[in-house]
Structures are given as structure tokens and as C-alpha cells.
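Novice: Protein chains in written order, with this note's numbering: chain A, 1 to 108; chain B, 109 to 432.
Careful, some of the hints might be misleading.
Said to hold, decoys possible - Mimicking EDC-like on lysine to aspartate or glutamate, the simulated pairs with C-alpha atoms at most 16 Å apart in a straight line are: (1) Lys-31/A with Glu-131/B; (2) Lys-31/A with Asp-132/B; (3) Lys-318/B with Glu-334/B; (4) Lys-370/B with Glu-360/B; (5) Lys-210/B with Asp-195/B; (6) Lys-282/B with Glu-272/B.
To be verified - Which bits of chain B does chain A cover? Going by a derived footprint, with three or more residues having C-beta under 8 Å, they are: (7) 134–147; (8) 222–234.
Source of the hints: derived by calculation from the structure; they are not laboratory data. Glycine residues also receive a C-beta, built at the ideal position from the N, C-alpha and C atoms.
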Amino acid sequence: MADLSDNQTSIRSEFADDPDMQDLVLEYINKMALRVEKMTAAYEQGEREQLIRLAHQLKGSGGGYGFPILTTLAGELEQTLLNLGEGGLDQAAEPFSALLDVCGRMAA
Amino acid sequence: MPSTQANESDERRHSVLVIDDSEDVHRLLQARLRQENITLLSALDGATGLAMAEQEAPSLILLDLDMPDLDGFEVLRQLKETTSSRDIPVIVLSGLHSPADKVVAFDLGAVDYVTKPFDLMELRVRLRAALRMSDLVEMLGRLAHIDGLTGLWNRAHFDARWNECIADNNRHGKSLSVALFDLDHFKSINDTYGHPAGDAVLQSFAKLVKRVCRVTDIACRYGGEEFALIMPETSPADAAGVCERIRQELSEMHWPAHPERKITVSIGVTGTEQTVEIAPEKWLDDTDKTLYRAKKGGRNQVIATDIQSGNMIQQPSQPTQQAA
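Let the sequences and hints guide you as you build the complete structure.
Specialist: Below is the structure:
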């Protein structure tokens, strides 16, 4: 499990100072609210497959946009969900919450 | 095969097709690979990716594995089972990290496997390496179809393209002509002036044919001192005109190694302006017979006939100088 000791600070992209990436990172962050909304809806409605897909996409893209912690946490959520079998999503509450926390603290 | 001339340059900008269901990944690749000499094509699902691979014939495919509906494994399998796409190198770009996934991907025909999130430099060098290898494979394929002495296409290439042209004629009824050339008394050139002189004649004749014919024509060394020229979308009358120009220019050429000896060629041309029901081998056999008539008629001349009717297209050209 990733350790986020200071959960108040914003998390800046590793590419925040890269002129080729600034606009892309900003767009990525701006769309994060929509992703969080989709993940929350999937979680609350028990749509495990949809939540796995959304987590998998975040795992694949987070590091590329300079947020390796996003890749780590999304990967942990994905793995937890895969290990659940057909069980309830409540068991994934902790990694899900950790991921959403980071999504809310992302900054360019 | 991208060109019809064996000596055409290989220089070109590569196109790379990205098949991934994440728009974020597409945007990221567009930004990160901007410096590379490539054009990126995007497909957001497997079915679209398969269609684009067939239509666009990209130089390389970057393929995600975990996609809804048609997953990357199935896309890869179909790519490798389709004639038009099976030779396109595929690099898997996936968030699936397990050795089992990698084994399956390589077994299905992937040339490389990069895990997400990808390291930019690693992806770039792997992509360049795959494109270099692809270029080498393509070059080897082309060399296998090129005649080493003259640089024209060889007999194997002629056979493949001739069948394609016949099929195209059958489907669309487009004009099609073919010419067979035989250098007159070529053996005596070798015997009298040596094989280097004979080779120089073959090379000069090949250059002449390439210079006179169009880029869409397919010039081949058929074997020994025999050459063939496929002329798609060309009537037999026009083909005869091209061949007459070749015949005339050759007969007027000066040969430093043997200035006293002129070189001439006999040419048989057959063609049609409509769809014909004829086997490729039979068509060639009839063209060879037309060439034989040119030989028997005194050499250094063009004889052209309509392949369907057998009617002569033009009177045999008058030799400008009798072959030695």
C-alpha cells in the first residue's frame, strides 16, 4: 500500500516545468473530476468491471502525465478488485479512498 | 510492394498506428513522440484498429492489450492472420505486467512489449529499433526481387506482378500490354568482346528501358539477354510506340568498347484494351511467339498484336540498321 504521510499537500506533476507537457497535464487534471465522478458512480452501484477498467486506465496514464503515485494507487485498487472475485466492493474501500484522495490533490 | 521501379528510394516518413482505448494515452503519445519522424494514427478500439491497419498499412502498430469488446490479444491474432497486416511489426504497450501476458503476446507475433506507464526514452528507442528492423526486412524483401546486374526487377517479381496485372484486367477491364525483348546476337558480343562488354550492354539497355518507360511500368530482366516490360493501363498501340522508341534509341547508341558493332533488339508486344479471358502463361506464350516473329522477320524490329484477336497492331518497324 502506498504511503501518503502528508495528505494535505497538493501533488504536482513531475512534468509541470516541461513546456511540451504543461498544457497536456493541465487538461489531464481538469478531466480528473469527471473520472472521479465515474469511479464513484461505479463504486456506489457495485459495477466492479467498470471500476476495474477505470482504475486500469488511470494506472496506465498517471505516470505518463507525471503522477507515478496515481499509477501506484490505481494499480493497487485494480489488483484489490481483481482479487475480490464476485464479492462486494466494500472490501476495496481503503484503496478506493486513497486513490480518490490523490485525484483531488493533483496540481499542474 | 510500394514502388514499381527497383531503384526507387526507400526514404519515407513512417506512420505508426496506436490502438488504445484511453484517449489520455493517445494525447500523451502525440506529445511525447512529436520529435520523431513519424505520423501517428489513432484508433480507440480494436475493430477500428484492425480496419485502419488494413487501409493505412502503417509501418508499425502500438497496441494496448486491455480493451473492451475486442481485446489486444484478439486484435494481435487477427493482425497476424491477415495477409495485408501480418508483416506489420507490433509493439505491445500495456498495463498488463505479468510474464504470462508477455509470453502470449510474443507467441502471437509481437516484436516487443513495453509496460505502462512507459518511460519516454525507452519507448522512443524501442520504437526506433522496431522501425529500423522493419526497414531492413523490407529492404531484404526488395533485394530478393531485384536483378543484381541491371537493377531491374527479376523474374520472380515479374511473375508476381504479371499475375496481379492480369487479375486487375479481369476485374476492371483496364488496358494492359506486355513486351518481351531479346537482344540480337547477344552471344556473339560475349564471345567477341568478353563478358564485361556483354554485361555493359545489358546494363545500358536496362538504363534505356527505365528511362523510356513510365514509373508505373514494370521493367524486368527476364533472364539472360531477355527483358520484359509490363505496361499497365496501356493499349497495345501505345505500348508498341514505347517499344519502338527503345528499339530505335538502342540501335543508335555508341559503344566505346566496340564502336564498330551496333546493338539491336527484337521486341514482341501484346496487349488489350478490354477484359480478356486468358491465362497469364498463355498470354506470355503468345507474346513470346510474337517476339519470335520479330526475330524471324529479320530482328531489330517491333511486332505488336492484340492478344485477343491476334491482329497485328502495326506493321513491323523498318530496321534502321541490320543487326550484325
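Novice: What hints, given by number in increasing order, does this structure fail?
Specialist: Hint check: 5 fails alone, others pass.
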